[in-house]
Every structure is written in C-alpha cells, then in structure tokens.
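Once you have looked at the hints, place chain B on chain A.
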Amino acid sequence: MPHKFFDLDDKIRDDTTSMGQGPPNYCQKTLDPRNPSGPKIEVVVPHYIYARAYKYNSVKYENIRAVKEVLESPKRIFWGIRVFSEGGWCYVGKPTTLFIKENEVVDFPEDKVFAVYINDRFEVFDWILEYVDDKDKLNPKDWEKRYRSLIWKSTS
Amino acid sequence: MEEHFLNKYVKGKKGFRAEPWYNAIGDCIEYQTVNEAVVAHRIDEKLTIYHSVETNKPVGFKIKDVMAMLSRYGCDGLALSYEEKGTTLISVATLLLAAYEEGPLTIERRRAYANALLPQGFDIPVDQLCRTANYQPL
Numbered sequence: 001m002p003h004k005f006f007d008l009d010d011k012i013r014d015d016t017t018s019m020g021q022g023p024p025n026y027c028q029k030t031l032d033p034r035n036p037s038g039p040k041i042e043v044v045v046p047h048y049i050y051a052r053a054y055k056y057n058s059v060k061y062e063n064i065r066a067v068k069e070v071l072e073s074p075k076r077i078f079w080g081i082r083v084f085s086e087g088g089w090c091y092v093g094k095p096t097t098l099f100i101k102e103n104e105v106v107d108f109p110e111d112k113v114f115a116v117y118i119n120d121r122f123e124v125f126d127w128i129l130e131y132v133d134d135k136d137k138l139n140p141k142d143w144e145k146r147y148r149s150l151i152w153k154s155t156s
Numbered sequence: 157m158e159e160h161f162l163n164k165y166v167k168g169k170k171g172f173r174a175e176p177w178y179n180a181i182g183d184c185i186e187y188q189t190v191n192e193a194v195v196a197h198r199i200d201e202k203l204t205i206y207h208s209v210e211t212n213k214p215v216g217f218k219i220k221d222v223m224a225m226l227s228r229y230g231c232d233g234l235a236l237s238y239e240e241k242g243t244t245l246i247s248v249a250t251l252l253l254a255a256y257e258e259g260p261l262t263i264e265r266r267r268a269y270a271n272a273l274l275p276q277g278f279d280i281p282v283d284q285l286c287r288t289a290n291y292q293p294l
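Chains as they are written, first to last, in the working numbering: chain A, 1 to 156; chain B, 157 to 294.
Bound-form chain A, shown alone (with noise of 0.2 Å):
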C-alpha cells in the first residue's frame, strides 16, 4: 500500500490506513540491515510511540534526537533481539550530546552507549543508554547473551 507524503523533507509520513489519514510517522533512512552495504533502507518512529513519549516521558522524547543521530550514523547492528520471537535489530551508536533531565543537555558520556531497537516490520520501539562493553567501547554490555549476532560494524 502506498505512503502518503507529508510536506518538509519526505520524512513525515502517514499511517498507512486505508483510508490514507492517520497521525505522521518520521521516517528516517538508515543501512539496511539485511545488506548493510547496500541501498539505505527507511525506518519508522510510529507516532504512537514519539507522541505518548512526548505527553508522559519528555526527557525520553527529548533523546529521539539521537535516535535520529545513530540511524544515520551507526557504530554497530546487532540480529536478534528478544529469546521468544525472531528477527528485531539494536542500531547502536555514539550521538554527540544526551538530555539527562529536561533543559538539561550533556555531552554523550563516554562510558555509555545509546541503543535504538527496531523490530522486524522496521518501526523503532525503544531507544535507551546502554553501559559499554569492557573489550569494546561501542558494544553494548554482554552483547553476546543479549543478541543472537553482531551482524556489522562501522570501520571509521
């Protein structure tokens, strides 16, 4: 079914109801996980989840920011998310700056790391600091229990 294109940069989009209205989604583009040297692929921040962030956990609306900053820059993907269903994908990277309180910005802490799940159909459902994995500083910690494969790493 096709999008429904919004106005600004081609990143706001509408659910895809049939009838074509529903609240915007952000689309942002990303490697494509599957073939990470390949055509960027687009991800999905459904509305539902941005805006009940922004009503009722402003600080975590307040880092989509480095959401978009790691989907467009990451340091590493990892397959394979959850013990009970397949598939689901952790983009995990270093933004340059991180609201620990409302009004309050910090510059990334270098012991942390910041993760964005997204799951199989390619929407994003959660985004959060991860502490960093003593033999590499762009893992997440344990990564090997948690993930099922690191499935690419950025070389820069």
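Hints in this document: simulated from the structure, not taken from any laboratory. Each hint should be verified, as a subset may be incorrect.
[As the list claims (entries may be wrong)] Some, not all, of what chain B presents toward chain A, calculated at C-beta under 8 Å:
#, residue
1, His160
2, Glu210
3, Lys213
[What the hints assert, rightly or not] Covered, in the sense of this in silico footprint (three residues per stretch, anywhere, with C-beta under 8 Å from a C-beta of chain B), are these stretches of chain A:
#, region
4, 69–80
5, 114–128
6, 146–156
Backbone N, C-alpha and C fix where the C-beta goes; we use that ideal spot for every residue, glycine too.
Same frame as chain A, now just chain B:
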C-alpha cells in the same frame, strides 16, 4: 538547543507521568519513576532495570515478551487479571513474579525483581532485624 524536529507533529502539553505503559510495538511494559535519562541494566531475557544516569539508582523497569507470557499462562491461569468496572486489569506485580519464576533463583535476580516490585522507601534498617534476634517473647 535547536527545536525538536518532531515538535510540529505532537499536540498538548509535554510532560511526564510515572505509570506503567504497555508498548504494543515492542511487546513490553515500561515503567519509569523519574523524568530523567536512564541506563538499561539487563537482568535476564524478561527484565531490564532502569538506572538513573545521574544517581545510578534504580528508577524503573521494562518487562519484555508480555504477550508470550500471557499466551503461555493465560490471564486466568495465573490470576494475572481482575475485573474492575467492567475492565480487566493486568497485575504488573504478578507478571513480574511469573517472569521471576521462569529463571534461575539467584540473589542478583531476586534483588532486581525486588527493585521492580517495590519502590524505594520500602526498606528497613538491618539493625531492626538484628534486634529481633535478641527479642524475648513474652
């Protein structure tokens, strides 16, 4: 700081509410007690405890694979639900206990699940318990 790029697509007042929320896309229940950035501290495949970035204290949790648990045990089978004004409510505490029972009974897991079940302030000084060791019943 630049204006948030999604501000024009949200309505109402920006804010915070400390209440459990079922994230249907992620199939998880999230709960956070403070409006701060949090770090994930993964306990097992079901439970993640949120720690405050500033204080490192536990300030919330996430329970994953909620539908899998519900379909495995059923709402009635483990008394996960009760009726209130015609609505079935799921007990988050019961879900947490069900998740706890599925994993190894370690001290770390016990502490983590206790953190999720009871907010801070439900602790008592250890010397109160020590005094009871010398307690002489009437």
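For this session: State whether the coverage of the region 69–80 of chain A by chain B holds or is violated, taking the criterion as 3 or more residues with Cβ-Cβ distances under 8 Å.
Result: violated (count 0)
For this session: Return the status of the interface hint for Glu210/B: holds when the least beta-carbon distance to chain A is below 8 Å, violated otherwise.
Result: At 6 Å from the nearest chain A Cβ, Glu210/B passes the 8 Å test, so the hint holds.
Exercise. At a threshold of 8 Å, is the proposed contact between His160/B and chain A supported by beta-carbon distances?
Worked result: holds, 7 Å
For this session: For the hint on Lys213/B, just tell me whether its beta-carbon gets within less than 8 Å of chain A.
Result: Hint on Lys213/B: violated, closest Cβ of chain A at ~14 Å, above 8 Å.
Exercise. How about the region 114–128 of chain A: do at least three of its residues have a C-beta closer than 8 Å to a C-beta of chain B?
Worked result: Check passed, 7 qualifying residues.
Exercise. How about the region 146–156 of chain A: do at least three of its residues have a C-beta closer than 8 Å to a C-beta of chain B?
Worked result: violated (count 1)
Comparing the model with each earlier hint shows violations of hints 3, 4 and 6; every other hint is respected.
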